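Just so you know, the protein sequences line up as chains A and B, in that order. Everything in the first sequence is counted per our numbering, starting at 26 for the first residue and increasing by one. Everything in the second sequence is counted per our numbering, starting at 26 for the first residue and increasing by one.
These are computed hints drawn from the structure, not numbers from a lab. Don't take each hint at face value.
Which copy is meant is left open, because identical chains are indistinguishable; a pair holds if it fits in one copy or across any two.
Stated by the list, open to error - With a straight-line Cα cutoff of 20 angstroms, these simulated EDC-like cross-link-like pairs (lysine to aspartate or glutamate) come out:
(1) K367 x D338
(2) K390 x D372
(3) K221 x E116
(4) K221 x E112
(5) K183 x D415
As the structure is a prediction and not an experimental result, all values here were calculated from the model.
There are 2 protein chains.
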Amino acid sequence: MRDAWILSIGTELTLGQTVDTNAPWLARELAALGLRCAEMRTISDDLEPITRSIRAACEAERVILITGGLGPTDDDLTRNAIAVAAEVDLELCPRSLDALRAFFAARGRDMPDRNQVQAMIPRGATAIDNTCGTAPGIHTRLSGADIFAMPGVPYEMKTMFHRDVAPALRAFGGGAVLLSRIVRTCGLPEATLGRKIATLMTRGRNPEVGTTASLSEIGVRINATAPSREQAATMLDQTEAEIRNRLGDIVYGRDDDTLAGAVGGLLRARSATLALAESCTGGLIGELMTDIAGSSEYFLGGVISYANSAKRDLLGVRPETLDQHGAVSEQSAIEMAIGARKALGADFALSVTGIAGPGGGSTEKPVGLVYIGIANPTAAIAREYHLGFDSPRDVIRQRAARVALNELRRHLLRDQAK
Amino acid sequence: MRDAWILSIGTELTLGQTVDTNAPWLARELAALGLRCAEMRTISDDLEPITRSIRAACEAERVILITGGLGPTDDDLTRNAIAVAAEVDLELCPRSLDALRAFFAARGRDMPDRNQVQAMIPRGATAIDNTCGTAPGIHTRLSGADIFAMPGVPYEMKTMFHRDVAPALRAFGGGAVLLSRIVRTCGLPEATLGRKIATLMTRGRNPEVGTTASLSEIGVRINATAPSREQAATMLDQTEAEIRNRLGDIVYGRDDDTLAGAVGGLLRARSATLALAESCTGGLIGELMTDIAGSSEYFLGGVISYANSAKRDLLGVRPETLDQHGAVSEQSAIEMAIGARKALGADFALSVTGIAGPGGGSTEKPVGLVYIGIANPTAAIAREYHLGFDSPRDVIRQRAARVALNELRRHLLRDQAK
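Chain A on its own, in the form it takes in the complex (with noise of 0.2 angstroms):
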């Protein structure tokens, strides 16, 4: 298997200005083509020490893809650093210089006498077309290594990573193959979680299994190595499988999924519409279940009552209970989901109010108490929770967002079941 290694060009990078996203990127779609990525490295826009690394990249035959360094200025370094690596001369690529003139032409116009270096590439080497900006990449070999320089902005990186670079990686194939998914969870503690897929993650088993904790949720992890891309997602859909019949209903996806898509999904199956209450989370919810595109299908609005007149006013919490319980209640979360289902019309609301802190908080009602409300077309229930463990503001309302969508989630599911 080729080794390969990710060098990313810019002081930008270095100075950390910017946080590069480009690396781990092509980390995992190498990994996905079978090549593994050893090592990375960020280097300031200075000749020599870009030169340095691609030198160092070129020993063991290895693959080298760089990012950044490909613009129009004097300190955009790249292709120097490689024609000096490479002990060759820059030379004009006549077909990259037709395509950034045409570039600019179809921009309505003339190229700027300073782009005309972006046509400019070592002796020897491939210019590689970019469909969506200025440079162009490069490919040369050098000492048995192949080099992939690309642009750093990521848009255009990736289209000319995936339209030209991983076709001509594909070549070297041979290597082992990591397929990575992640199976998304919400409902139990980490160490629960973990206890019940114990089994499945011992140390250098394969497929691999770890589990990440972030805002009230859980990530398995599942990392299979296997000759082939058919063999390892085989061996993904399997532990998914596994791990979803060890975890039952606290598993609501995958990968990109998310809870208020669950919550969607679970909506649209049953033609049922859901309305909000919010308080402390001020909108949050709203905002993850019109994330998503189409949700207008299921998802009417709601009311973000903040101030208590706003749940008396609009959502008919009666003053008396906001007298007596307090407006961080169950009694309140239980009037709040109610007033929201009627004043919206809706099948099912979801109210939550509580304490996100900083201030606020009392020995009685301590910063990160949350109640969760939900009303459905027969009843009201409210769960009280405690979110708060010295974190931040925004990290108590992310969590008392998906803690409420996920109560929702599975009183959808019971409801169904039902």
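Put chain B on the given structure of chain A with help from the hints.
For chain B alone, coordinates are given in the frame of chain A:
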């Protein structure tokens, strides 16, 4: 000036399954201390390449910051790699062992045997206390270089850096200090803004000034390099004042300031209250407003009027308005704002209605068409925006929220000036 390198250790990083935010964070901290990061390397959990990079980093008496690889398991190899590079053995640090035992005792647990390895450090090195986790750090000198190894968990790393590493690095001073600031703006296109500050953006100038556009906002970054922190800070202040002078009230803040925070400050200053009527943004503006602690002082709440029935029933938008002009129209935006102001009893109301896509667009009303309405105690207006440009749904929604908050901000500024 001493060069610095940052090494990030972990196969989860080289596989691209975790994005490394430690290295950019450290690079910015180094710059503020007068140490420039020249190169970052990310290396898998393998002894030989880690050792090789430590040796390479030790050339030229560099400062070397390492994160990760200090855990208790067999694939945590940072301490071993430093020992191999220094050609010394690991030895037990009794102070670290006591701290480890105390860490577990405080949690009512015995220390697992495997954690003892975390108290081993290369002979001649000094352990750095970890006040919030198990892995102590390591400081050692090697061929004139200074190596600081810290845990990979960001919170533990940052705590250790501030408490023990930064004070030690200060002693190496003498290099030029680089301080950065971002002036936050909304309301002018990048090209127009760029022309107004073009004379500040000359290449090679100090302070260096550049712009970055994101979601309808433009950030103007200032990088000031000076012999001392004080001088760099003065340069930032002077350049920020000049930028504010040229750009006027499109500037709403700096660094971590947000549009929602600027709106909140203006409302608080005049003891005014705000209500929202959100359609295509679905709660996003409410989420941004309530993300700010203390926002209950001026934010009353709002209506997420996703369905037309919600616009009608909760906001009082007239059925004939919806019939004749449609939900996405200037007239609907005006009636939504008036309705929200009245329903919540607020001084000001902000409304948004638009087509976020990808479906729902037409030739007459394309995806990205957004109307933003504002109601104050005496009047209501709405303006039309086109925020599409083939962007995905979430980008259009984020843009709409920012443009709406900026409209309200400038309305409050003008209103104040009267």
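(request) Go through the copies and call it for K390 and D372: within, between, both or neither, with a Cα cutoff of 20 angstroms. (result) Neither way: K390 and D372 sit 31 angstroms apart in one copy and 31 angstroms across, limit 20 angstroms.
(request) First find the shortest C-alpha distance between K221 and E112 inside one copy, then the shortest across copies, and answer within, between, both or neither for a cut-off of 20 angstroms. (result) For K221 and E112, the Cα distance exceeds 20 angstroms both inside one copy (58 angstroms) and across copies (44 angstroms).
(message) With identical chains, the pair K367 and D338 could be close in the same copy or across copies; at 20 angstroms between alpha carbons, which is it: within, between, both, or neither?
(response) both (13 angstroms within a copy, 11 angstroms between copies)
(message) With identical chains, the pair K221 and E116 could be close in the same copy or across copies; at 20 angstroms between alpha carbons, which is it: within, between, both, or neither?
(response) Neither, since 61 angstroms and 38 angstroms both go past 20 angstroms.
(request) Have a look at K183 and D415 and pick one of within, between, both or neither, based on CA distance no larger than 20 angstroms. (result) Close across copies (18 angstroms), not inside one copy (40 angstroms); limit 20 angstroms.
The structure is inconsistent with the numbered hints 2, 3, 4, although it conforms to all the rest.
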